[in-house]
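> For the protein sequence lines, the chains are A and B, in the order given. Residue numbering for the first sequence follows numbering that gives the first Met the number 0, beginning at 0 and increasing consecutively. Residue numbering for the second sequence follows numbering that gives the first Met the number 0, beginning at 0 and increasing consecutively.
Derived by calculation from the structure, the hints in this document are not laboratory data. Predicted, not measured: the structure shown is a model, and the values here were computed from it. For every residue, glycine included, the Cβ atom is placed at its ideal position computed from N, Cα and C. Take these hints with a grain of salt, some might be off.
[Said to hold, decoys possible] What follows is a set of in silico ranges between Cβ atoms, one per label pair, in the way DEER data are often shown: (1) B:N418 x A:V219: 52 to 60 Å; (2) B:N365 x A:S53: 26 to 34 Å; (3) A:I391 x B:R293: 45 to 53 Å; (4) A:I226 x B:K126: 22 to 30 Å; (5) A:D171 x B:S297: 20 to 28 Å; (6) B:G266 x A:E228: 54 to 62 Å; (7) A:I391 x B:N300: 39 to 47 Å; (8) B:N300 x A:H325: 53 to 61 Å; (9) B:S297 x A:T195: 36 to 44 Å; (10) A:A256 x B:K126: 53 to 61 Å; (11) A:E215 x B:V148: 33 to 41 Å.
[As the list claims (entries may be wrong)] Partial pick of chain A residues on the chain B-facing surface, computed with a CB cut under 10 Å: (12) D157; (13) P163; (14) V165; (15) R166; (16) A185.
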Amino acid sequence: MGRYVFKLPDVGEGTAEAEIVAWHVKIGDTIEEDQNLVDVMTDKATVEMTSPVSGKVISLHGEPGQMAAVGSALVELEVEGAGNAAGNGKAAPAPKPAPIPKEKKNSLAPGGGEGWGEGASAPTHSEPPKSLQQSPPHPSPLPLRGRGSEDVKRTFGDKPLASPAVRQRARDLGIELQYVPGSGPAGRIGHADLDTYMQSGGTAARPGQAKRDGIEEVKVIGLRRKIAEKMQESKRRIPHYAYIDEVDMTELEELRAHLNKTKRADQPKLNVLPFLIRALVRVLPDYPQINVRFDDEAGVVHRYAAVHVGIATQTANGLIVPVVRHAEARDVWDLANEIARLAQLTREGKASRDDLSGSTITITSLGALGGLATTPVINHPEVAIIGPNAIIDRPVVKNGQIVVRKMMNLSSSFDHRVVDGFDAAEFIQRVKAMLEHPATLFME
Amino acid sequence: MAEPIKTKVLVLGGGPGGYVAAIRAGQLGLDTTLVEADRLGGTCLIRGCIPSKAIIHVAGQFEAMAKPRHGISLTMQPAINFAETVKWKETVVDKLNNGVATLLKRAKVRVVKGWGTFSDGKTCHVKTKDGEIAITAEHVILAAGSIPVELPFLPFGGNVISSTEALSLAEVPKRLVVVGAGYIGLELGIAFRKLGAEVTVVEALDRILPLYDAQLVEPVRKWLQKNGVTVHLGAKAKGLEDGNLVVETKDGETLKLAADKILVTVGRKPNTEGWGLENMAVDMDGRFVKVDDRCATSMKNVWAIGDLVGEPMLEHKAAKQGDMVAEIIAGQKRKFDPAAVPAVCFTEPEIVSAGMLPTPETAKDNSIITATFPFAANGRALSMEAGDDGGFVRILARASDHRVLGIQAVGAHVSELSNEFSLALEMGAVLEDIAGTIHVHPTLGEAFHEAALRALGHAIHI
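Using the sequences plus the hints, can you model the full thing?
Rendered as structure tokens:
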């Protein structure tokens, strides 16, 4: 009978000590090879330590919660044959770690930049376990297919041994090779080992599930900061009241298609916006509390006779709101031209200050991305914003029949401090009625 | 001012790092532009590896003829017309240079000939013969290479030459002094010795080829001694005086070495000046451009490869990095993590090293097995007069699991063994893998097999 001392192996790069979390054996236990001895925790992971040998536990070192230094004795076992302790010359097998940490707080990534193949020469952290250093000095009669093909696992801290193709495949799969048990000589990892590891549910088994690392810092500056400030200001100051209703756009869409088909060559193509603006300028005179700029510092609402419509416009750098001035004095063609002109100037970054300020109400349309409904943020110091959503063919009940109509939701937000919910709802209903009966848009 | 170019990938430098990166990027379907002021091929093809190997080849042939043996006799002594040698060398260079141009074209790489200067990380202004072209790129690969180090008290010019000029001399110098006994100086010094020059080597350190251990270098030292090459170790070149090189020896004496040419080969330095690197806001690591293991610099989408990013300054390292960066740009996951970057010295005899080298510490370390097998016991070496130069193959392996850690060889023609050595290291071979591989008889490679057997304790032929 011999005595075998199990020492805390190097459980990860740069780890000098580990905390004992829980013992799984007690003195007097008879244990099998590979049985779990103890869980230890580093700042990176909790690792199960399994016994490299079978035997009987004769002593344990350390209590749960205590720190154990790498290389210090953890367990002493009584084993068959010669152990590894007390002047006994025979080499003992290297300790076997359970390959997959139970809990990964941090990536135990293989340290980049270290030369491969310099494993044993690296004087830093990968000192081979003492049991190896006690192996008899060369030359002893070494078997041709001896230790190389035995079930020798990699020692902790070693770079995993694998061919370039295996290394690349692991990288593509997002697998860190140091967790993969190698079945080849010297613990070499082959393709089959990778397959086994993946089947056994190794981390990040398939492409697309690979972990991604890294955080990119993006400074909020320039236009983005402006947008952030404005949005914050608006949401902080204004109690938003959202209202959404659906509009039957079938007739308006027919009219629009007709106009686009029969328009003169010099006239612009019409989208929905000019008609919506047209509806707003017809209805707004009856709701003077909505077409305003609200100086909430002074407590004064400036009601505007003119309707200056802000058009929320997406640019490469972010959201900008150019303004169609005096929309009440423009017909749909003129409106379409003006919207196109402003959109282009804005996207090219050439819009003037005048083009970008003074709106009294804003429209925010996502076009084809319109979605079902939105809760737009009011363009402070205005008090209302209108967001048309996508036009979709939907079955609706009309005169007792189910018919397919072109339906569009109209989302809106109002400043509830100065616009009552009742008035806002009535306002939207008036706009809806005009859009559903497009002839009324053009009747004085 | 020509039409500005917008490109996905801009490669600065048409050397083996840059042109490989460009070809690979082209293969991957990336819109790629390569900027090079000189001929395509870089130091390696134009004024380094390839031309020096051509000169070394001719020197070997001349030496063999000058000492006819084994039944060969010549009716008159051979003569060398070095201008003809240089001309032949140029044909080799031209062939490769044209080959690179063809490969780039086939990969649909746009080549812009002219001196490029960066004004910021993604914009390069190239002075071409048709005027300046501005190139903006999404990705920039810096592959500006390296240049010979000049000694301030021995500036290049006149009879003081770098390796570049040495490869294009009009005639073999009568007396050649080589300052610096690294591999470049010794390769050329030995070649010119074979061509009949009187060669003296001055080295500031106390040994030749200081990157390698004494055992590995010994056969080269013996060749120099046997062939009358004087080597001053621990000696410092001080400057020129009446065309003589003034040297302070190890013992503090002052020597004046008469020389027709003084070849200064004290190393190479990254080529970091004159092309706007300072405008690019990339971090440096000493003299080198700082990169991570993906060759990414501190600036997003600016990459750097080859001699610009660190030692070893070798063609095959640059090419591998170039290939890798192109694949990374194309969206693949790559990392530069070779098991070994092997190196070869084309001295007499040749030296190969891959992976770990022995040190005084490893010699005492029981956890490492070291085994050598001499070419004197290799039939093929003997049959080609390569068995008596003291050459050998050496393996370092770990005692516990027989993992091969490093492989070296010294001997005639051993350069061709380098790739088997690298393959063994890359595949993670253990000694039993090499011992279990049948090696062809009769070849020099059998010495590798025998060295592995010897490490396992049962070599056959020794």
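> So, for every hint listed, does it hold in this structure?
The hints, checked one at a time:
1. B:N418 x A:V219: 52 to 60 Å: holds (53 Å)
2. B:N365 x A:S53: 26 to 34 Å: holds (28 Å)
3. A:I391 x B:R293: 45 to 53 Å: Holds - the Cβ-Cβ distance for I391 (chain A) and R293 (chain B), about 47 Å, lies within 45 to 53 Å.
4. A:I226 x B:K126: 22 to 30 Å: violated (42 Å)
5. A:D171 x B:S297: 20 to 28 Å: holds (26 Å)
6. B:G266 x A:E228: 54 to 62 Å: holds (56 Å)
7. A:I391 x B:N300: 39 to 47 Å: holds (41 Å)
8. B:N300 x A:H325: 53 to 61 Å: violated (47 Å)
9. B:S297 x A:T195: 36 to 44 Å: holds (40 Å)
10. A:A256 x B:K126: 53 to 61 Å: Given about 58 Å between the Cβ atoms, the range holds.
11. A:E215 x B:V148: 33 to 41 Å: holds (39 Å)
12. D157: Result: holds, 9 Å to nearest chain B Cβ.
13. P163: holds (5 Å)
14. V165: holds (9 Å)
15. R166: The hint holds - R166 (chain A) has a Cβ within 10 Å of chain B, the shortest such distance being about 7 Å.
16. A185: With Cβ-Cβ at 4 Å, under 10 Å, it holds.
When held up to the earlier numbered hints, the structure conflicts with 4 and 8 and fits the remainder.
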